[in-house]
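What follows is each chain in one-letter form.
4 protein chains.
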Amino acid sequence: MNSTARLETFSDGVFAIAATLLILEIRLPEGGSVTHGLVHAWPSYVAYATSFLTIGIIWVNHHTVLQQIGRVDRTFLFVNVVFLMIVAFSPFPTRVVAEHLRHGSKPAAFAYGLTFTLMAMSYGVMWFYAATRRRLIAEDADQRVVSGISRSFAPGWLIYGAATLSSLISAYLAVALYAAIALFYVVESSVFGRSEGD
Amino acid sequence: MNSTARLETFSDGVFAIAATLLILEIRLPEGGSVTHGLVHAWPSYVAYATSFLTIGIIWVNHHTVLQQIGRVDRTFLFVNVVFLMIVAFSPFPTRVVAEHLRHGSKPAAFAYGLTFTLMAMSYGVMWFYAATRRRLIAEDADQRVVSGISRSFAPGWLIYGAATLSSLISAYLAVALYAAIALFYVVESSVFGRSEGD
Amino acid sequence: MNSTARLETFSDGVFAIAATLLILEIRLPEGGSVTHGLVHAWPSYVAYATSFLTIGIIWVNHHTVLQQIGRVDRTFLFVNVVFLMIVAFSPFPTRVVAEHLRHGSKPAAFAYGLTFTLMAMSYGVMWFYAATRRRLIAEDADQRVVSGISRSFAPGWLIYGAATLSSLISAYLAVALYAAIALFYVVESSVFGRSEGD
Amino acid sequence: MNSTARLETFSDGVFAIAATLLILEIRLPEGGSVTHGLVHAWPSYVAYATSFLTIGIIWVNHHTVLQQIGRVDRTFLFVNVVFLMIVAFSPFPTRVVAEHLRHGSKPAAFAYGLTFTLMAMSYGVMWFYAATRRRLIAEDADQRVVSGISRSFAPGWLIYGAATLSSLISAYLAVALYAAIALFYVVESSVFGRSEGD
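If you read the protein sequences in the order shown, they are chains U, Y, D and H.
No gaps in the numbering here: position 64 of the first sequence is 64 in our numbering, and each next residue is one more.
Take any residue in the second sequence, count from 1 to its spot, add 198: that is its number in our numbering.
Take any residue in the third sequence, count from 1 to its spot, add 396: that is its number in our numbering.
Take any residue in the fourth sequence, count from 1 to its spot, add 594: that is its number in our numbering.
Don't take each hint at face value.
[What the hints assert, rightly or not] Among chain Y residues calculated to face chain D with C-beta under 10 Å, some are:
#: 1; residue: 210
#: 2; residue: 229
#: 3; residue: 251
#: 4; residue: 266
[Claimed, not checked] With beta-carbon atoms standing in for the labels, derived distance ranges:
#: 5; chain 1: Y; residue 1: 203; chain 2: H; residue 2: 733; range: 51 to 61 Å
#: 6; chain 1: U; residue 1: 5; chain 2: Y; residue 2: 337; range: 21 to 31 Å
#: 7; chain 1: Y; residue 1: 300; chain 2: H; residue 2: 746; range: 52 to 62 Å
#: 8; chain 1: Y; residue 1: 238; chain 2: U; residue 2: 27; range: 13 to 23 Å
#: 9; chain 1: Y; residue 1: 382; chain 2: H; residue 2: 746; range: 55 to 65 Å
#: 10; chain 1: U; residue 1: 151; chain 2: D; residue 2: 538; range: 14 to 24 Å
#: 11; chain 1: Y; residue 1: 330; chain 2: D; residue 2: 467; range: 29 to 39 Å
#: 12; chain 1: Y; residue 1: 203; chain 2: D; residue 2: 531; range: 23 to 33 Å
#: 13; chain 1: Y; residue 1: 348; chain 2: U; residue 2: 29; range: 37 to 47 Å
[To be verified] If you only want the chain Y side, here are some residues facing chain D, beta carbon under 8 Å, derived:
#: 14; residue: 213
#: 15; residue: 214
#: 16; residue: 221
#: 17; residue: 222
#: 18; residue: 226
#: 19; residue: 233
#: 20; residue: 236
#: 21; residue: 238
#: 22; residue: 257
#: 23; residue: 258
#: 24; residue: 347
#: 25; residue: 382
#: 26; residue: 384
In case anyone wonders, no lab produced these hints; they're calculated from the structure.
Remember, it's a predicted structure, so these values are computed and weren't measured experimentally.
Every residue gets a Cβ at the ideal spot worked out from N, C-alpha and C, and that includes glycine.
Given these sequences and hints, build the entire structure.
Here it is as structure tokens:
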């Protein structure tokens with residue numbers, strides 16, 4: 001197995017595990033009936049779906065990104081490890097939001113958004129390290145595709161950063177924005193991505 | 199690694215992790231002797247086995263389904279992510295049933311069945327998106343096999359939907375039906391599937 | 397990816413996850429100093445090591461077993477799912493032993509051994525289904541190797557069954573036997589298995 | 595799939611899962627505001643990052659190591675299982691440190707370092723078993739690379755052993771050393787490793 005294949009396997013493992021562990025953080029609130037608990041756990045469902053879709057989008061993009069990569073070096077591997085460290089960290093702020101969103105906790109929403117922002121930044125660093133002067137780009141990768149990915153990566157952390165700052169106004173607003181960003185990427189990719197073939 | 203291979207790896211990861219995480223939800227009831235606890239945990243064993251077999255069946259079917267798929271597009275990938283989100287969600291209702299079935303909780307049994315119904319629906323959407331006008335079907339896939347899968351997918355969510363509604367009558371009835379459906383698919387596949395070769 | 401490769405991937409996933417989840421069940425006992433807790437958690441370490449080595453041995457054997465398998469059918473896949481269901485169940489009795497061995501709980505040791513016995517039985521069923529009249533054995537598999545595996549599989553569940561019954565006399569005896577069986581397989585495979593090449 | 599490929603898959607699985615499970619051990623301290631909890635959980639962040647980076651480094655090295663291995667035997671597989679058992683054990687001392695570092699607990703820091711020391715020792719045994727008289731080294735592996743790995747492996751457990759002993763002086767010192775070792779390996783590999791190609 002070559003380097004890129006093993007990186008894919010390890011990354012896919014972390015994505016799949018982090019996404020699947022999210023559910024362990026959802027608990028019925030103590031006390032009250034089962035129905036009441038199932039209904040009042042709604043912030044948990046929102047947090048679970050937002051985090052799962054975000055990791056899912058990253059997984060799909062990662063897939064497209066790695067197709068452009070021809071070789072990996074140790075710097076790239078370690079930036080990837082830091083990126084994965086942040087992805088694997090996400091169940092923690094997800095739980096904090098799941099537990100405290102119902103009280104409109106701004107720090108919980110801020111920590112959640114900060115995690116997404118750092119995730120977007122480390123993902124961007126990884127890509128621009130590989131793409132700058134086509135350092136690790138495969139010989140046969142189309143430069144238009146590479147430039148397209150660079151363009152789509154650039155605003156990612158700014159969008160998440162702005163949404164994170166909105167948590168200072170309202171926790172609900174911020175979480176709604178995180179969910180909206182995830183849904184936007186899902187729809188955008190589905191509708192516009194189709195013509196790319198892939 | 200091509201798109202289908204990575205999708206298989208990620209999906210297999212989620213199936214394996216979701217199935218294996220189920221056990222973390224089984225706890226000895228507080229108080230009482232160890233023997234008493236081991237015996238009175240029976241709803242946990244039923245819920246564990248039902249969920250594990252259901253995910254196992256999906257895994258085996260997914261295997262057959264993906265063999266017919268020649269290529270994937272981003273829409274297919276994202277429908278798959280939503281489907282996996284529901285599979286990865288299943289440990290939560292499994293725990294709710296494991297904890298509350300002993301009191302005959304109908305909402306717990308309903309939430310459990312609703313998860314299976316949504317799982318069957320998203321799985322069906324995924325297949326019919328790929329199979330309609332052979333959109334993503336491999337060139338060399340036998341149309342009879344494709345049609346056979348379509349036929350077997352069609353009633354899935356109706357069966358789970360009906361079983362879910364039975365929880366309004368009795369939680370025990372509903373859970374018995376979920377277990378029976380899982381066992382039916384196991385036996386049916388084992389006995390009738392053998393001649394297909396595979 | 398062909399059927400055997402995917403089966404390997406899924407099985408490896410369950411083995412790796414079940415083995416790795418075991419650690420989540422180890423907790424410092426409540427109260428007392430950290431040193432006291434670390435020392436008095438010894439039954440947890442014994443249970444963790446025994447379960448991890450047992451799953452590790454199964455993984456190594458599974459590896460050898462699947463090398464003899466030329467094709468899989470749905471019956472084989474589902475027996476494998478049942479076998480994996482029991483492997484994935486093992487963190488539960490491991491925790492029960494980890495928590496209750498210090499009080500010499502015989503039911504805990506019995507449940508732990510019963511899990512190993514059922515694991516050995518379902519593993520045996522899987523193998524003998526495949527090996528009988530070389531139903532699923534690869535064309536080029538050496539019959540002496542196949543027969544050798546059959547001979548080594550035959551006594552497995554009897555050994556675990558006897559060790560399980562010993563828990564009726566003493567929980568410590570039974571757990572010592574489970575650990576000894578695991579160590580025996582490790583040593584036996586290491587020393588005698590070396591000449592097989594592999 | 596050949597033996598080395600399956601070993602890679604299983605090992606990657608354990609690395610990915612152990613690294614990702616670490617986050618489950620991070621909890622907000624009970625009581626106090628969310629902000630207070632997020633800030634006072636800093637020992638958890640340090641422990642999480644240290645363990646994740648350490649496992650990440652091992653993963654990257656393991657990758658380089660296995661590229662030199664031409665074949666595996668059962669002894670090598672079982673040493674690997676013991677090594678993985680220690681890697682998979684690491685979330686436990688990580689949690690103990692995360693919970694008790696804030697009180698400067700020396701036993702917690704000692705147990706954490708002991709785990710890293712044993713990890714380094716078993717990793718070394720694995721390598722020297724394979725490398726001695728090129729027992730399992732691939733025909734075409736460059737002896738200079740093999741010797742280079744041997745040289746870099748030799749001091750690993752001594753460095754971790756010394757850092758572990760420093761916990762007898764101060765828990766903070768020891769944990770700072772574990773983090774520094776991890777960062778050193780990250781930087782060293784990134785800067786000096788680049789010229790090696792891959």
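Okay, which hints does this one fail, numbers in order? Of the numbered hints given earlier, those the structure breaks are 2, 4, 5, 10, 21, 24, 25, listed in rising order.
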